[in-house]
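4 protein chains.
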Amino acid sequence: MKPIHPNGLHETVADIVRELGDKVNVRTATLDQPEQGLPDEILNQTDVLIWWGHCAHDKVEDGLVSKIQERVLKGMGLIVLHSGHYSKIFRRMMGTSCDLRWRDDTYERVFCISPNHPIAKGIPEHFDLGIEECYGERFDIPQPDEVIFEGWFDIGEVFRSGCVWNRGYGKVFYFQPGHETNNAFQNQYIRQIIKNAVEWIAPAVYRDSMGSPHINPTLEELRK
Amino acid sequence: MKPIHPNGLHETVADIVRELGDKVNVRTATLDQPEQGLPDEILNQTDVLIWWGHCAHDKVEDGLVSKIQERVLKGMGLIVLHSGHYSKIFRRMMGTSCDLRWRDDTYERVFCISPNHPIAKGIPEHFDLGIEECYGERFDIPQPDEVIFEGWFDIGEVFRSGCVWNRGYGKVFYFQPGHETNNAFQNQYIRQIIKNAVEWIAPAVYRDSMGSPHINPTLEELRK
Amino acid sequence: MKPIHPNGLHETVADIVRELGDKVNVRTATLDQPEQGLPDEILNQTDVLIWWGHCAHDKVEDGLVSKIQERVLKGMGLIVLHSGHYSKIFRRMMGTSCDLRWRDDTYERVFCISPNHPIAKGIPEHFDLGIEECYGERFDIPQPDEVIFEGWFDIGEVFRSGCVWNRGYGKVFYFQPGHETNNAFQNQYIRQIIKNAVEWIAPAVYRDSMGSPHINPTLEELRK
Amino acid sequence: MKPIHPNGLHETVADIVRELGDKVNVRTATLDQPEQGLPDEILNQTDVLIWWGHCAHDKVEDGLVSKIQERVLKGMGLIVLHSGHYSKIFRRMMGTSCDLRWRDDTYERVFCISPNHPIAKGIPEHFDLGIEECYGERFDIPQPDEVIFEGWFDIGEVFRSGCVWNRGYGKVFYFQPGHETNNAFQNQYIRQIIKNAVEWIAPAVYRDSMGSPHINPTLEELRK
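Sequence lines, in order, name chains B, E, R and D.
Counting in our numbering, the first sequence runs from 1 upward without gaps.
Counting in our numbering, the second sequence runs from 1001 upward without gaps.
Counting in our numbering, the third sequence runs from 2001 upward without gaps.
Counting in our numbering, the fourth sequence runs from 3001 upward without gaps.
Source of the hints: derived by calculation from the structure; they are not laboratory data.
Do not rely on the hints blindly, as some may be mistaken.
[As the list claims (entries may be wrong)] Listed next, the in silico DSS-like pairs over lysine-lysine satisfying Cα-Cα at most 27 Å (straight line):
1. B/K59 x D/K3067
2. D/K3195 x D/K3002
3. E/K1195 x D/K3059
4. R/K2121 x B/K74
5. D/K3023 x E/K1023
6. E/K1121 x D/K3067
7. D/K3059 x E/K1121
8. E/K1059 x R/K2067
9. R/K2059 x B/K121
10. R/K2195 x E/K1067
11. B/K121 x R/K2002
12. R/K2121 x B/K195
13. D/K3195 x D/K3074
14. R/K2195 x B/K195
15. E/K1195 x D/K3074
16. R/K2121 x B/K67
17. E/K1121 x D/K3002
18. E/K1023 x D/K3121
19. E/K1195 x D/K3067
20. D/K3121 x E/K1074
21. E/K1067 x D/K3074
22. D/K3059 x B/K67
23. R/K2121 x R/K2023
Assemble the whole structure, with the sequences as input and the hints as a guide.
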């Protein structure tokens, strides 16, 4: 049987982004690499970080999580896929538990409820994803700035499956499909959504700090 | 067979609100009454207006719709039930088509995704409503200030079934259950939600106009 | 004295958009033209409509307002400038009175509070606009999907001066500067914001109706 | 000279809440107490926690911050005053830096832009606070679920001075006035807002975990 992720799940996702062509320069990082794959010189050159993780969330070092958070607040886009909902970095950016009700594989249909969002470009108002691990509400997240996708699962669950939030000068996109034993990443619409998200979430500009200089003209000066 | 609404659907809903006891003074109004049941002296004493309509939306007079809109903007709460999504007053308050995808009766489960909202008090995180007319996304509404309930329908639909919006000094709550041939209004949770909504949406205060007086102290006066 | 708008205010605004070059094809329309400048064949080819009006809001025909609303719901971007806050079309899209507290000319500073929004690209965290007609809160609008700019006025007023809302498949951007006797449209940042807004609000796609076909597979079919 | 806070700032704030009478049972806690004033048995009985801090944010133990966060997610209300914007607990709940532009004392006017929110009950559309430490935008917070108050400062700053967010089953209210050397807490409207906030933010119910039991009826069972 052909493996679903012959080069690892990270390469499966990277291949999707590579379809954006010359616009992007794609790297992958894994936990077993030095500095967990994200030394400063790489993190500080990264415009968009896509995070997928499952069983090893606890192994990610708190110091690295803080560095990633700081980088997002300066402008880096963060895309969190599937079981990454429970990653340290997503929970850090949200301030909530990010818990949800987990159920086993079932049939999922995805609805697009914000069709004019750039992430939804080229996506129909609903499409059938097929078998996917089921995540159910209540999903313990802050109210999203925009809910773009909602998932329907045939065993009786709904889920806010695609959500965006501003955080500092950066943005966060959470997207629910992508269980390692299913085929979400082979679905044309899932692939399109991930590519749309990368383009949308890439920063227009980085700002090193909030500290824009104080404004010091007096009112008399203002009125001249 | 016992009729579902022996005194008309409006009395079915009124009986729910009457369970709030002495706090409320409940009237009903129907299209066939003089001035469509809402002459000025009644409308101007109304704190919360619950709207249910189905086939006769077009018969509601535009002038009355404008008066209701103005009253909401001054503070009156507006609760719109089920097929009222397509009423003139709801569309007026929203600015959108308020269209949706309609399907026939099916099985609905309701999820509460904003459990700390006053409208959700006493409501479990999900409950089974049973057979209800199916409304599907995309529901053409402005982004709600808060989505409180989501509906799951077994034929493959999801719906933002309970949503709130501020409008002027008033508020609007749309709630999807309540088809005339089904039993939603006999469901204990639906009844509780409607009562919660009435209490939450009643205005703390009315304000006659935006026109608070201009602020005229000079800066020199300010700084004294 | 050189007039501020030698060819009319509409041409002043059009010249800003023309700086986008070949990407855009700019027309203007005024009330005194046949069909108030917006016959169907023109409206239906328009991707972005910029609306400025002041004293003649009442002269705009209701039928035209309905056509513009419908066009926005299908995807057309609508940018409303300054005193257009009180236009029929803006009030129609909002569902509120869109009233505000008006005061005379004073000194305005503009703050950018959503610096990662595309409309804010290239705009500093604050800039001094100088003398502008003063609009004060409370501005009777629905809660914006995002507040991008806030205005500070030296006589003691604040204003949500740049706000966006989704409506149907389209979007609406309201922007407060632009009084006819002042120089807002000569300000480099105001010009940049208007150009950014045109690019951001142009539709990716038009959709003719909500009426995507019903979904009819049975659950048994789904599970195959 | 009479001191502004004869019994410490915490008692100044406590006295405001005590005006709610028998409805409340008010305690205070300070950093120098055992377990920083918030041992488990006290924290777990607390419905609303009001946080004020200034120079000693770093001294608050991370373990305590985690316990408070967990308590908020289960339903406890959190009110953060003034320089508490930079407290560990507020930053934890927000996921952002919560930085702002700080300036010295100046004249502040407060605008109420969500007049129908319970926190605004009895508050006029604007009131003059007088001399207060100036906080300026951009305030690095997630988009609030609702901005209730905005501050205008005469040296040319605006600030989202009253904001609310849902977090888990709890809520957070940030309110900007309250510098230790000024008189905000003697202002009648500030006092009213704090009392309103305590009443609004107190939880209707606590929930111990997200873990509502899985839903296990089969579709065949559902359809019976």
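Structure versus earlier hints, numbers of those that do not hold, lowest first: Failing hints, ascending: 3, 7, 9, 10, 11, 17, 19 and 21.
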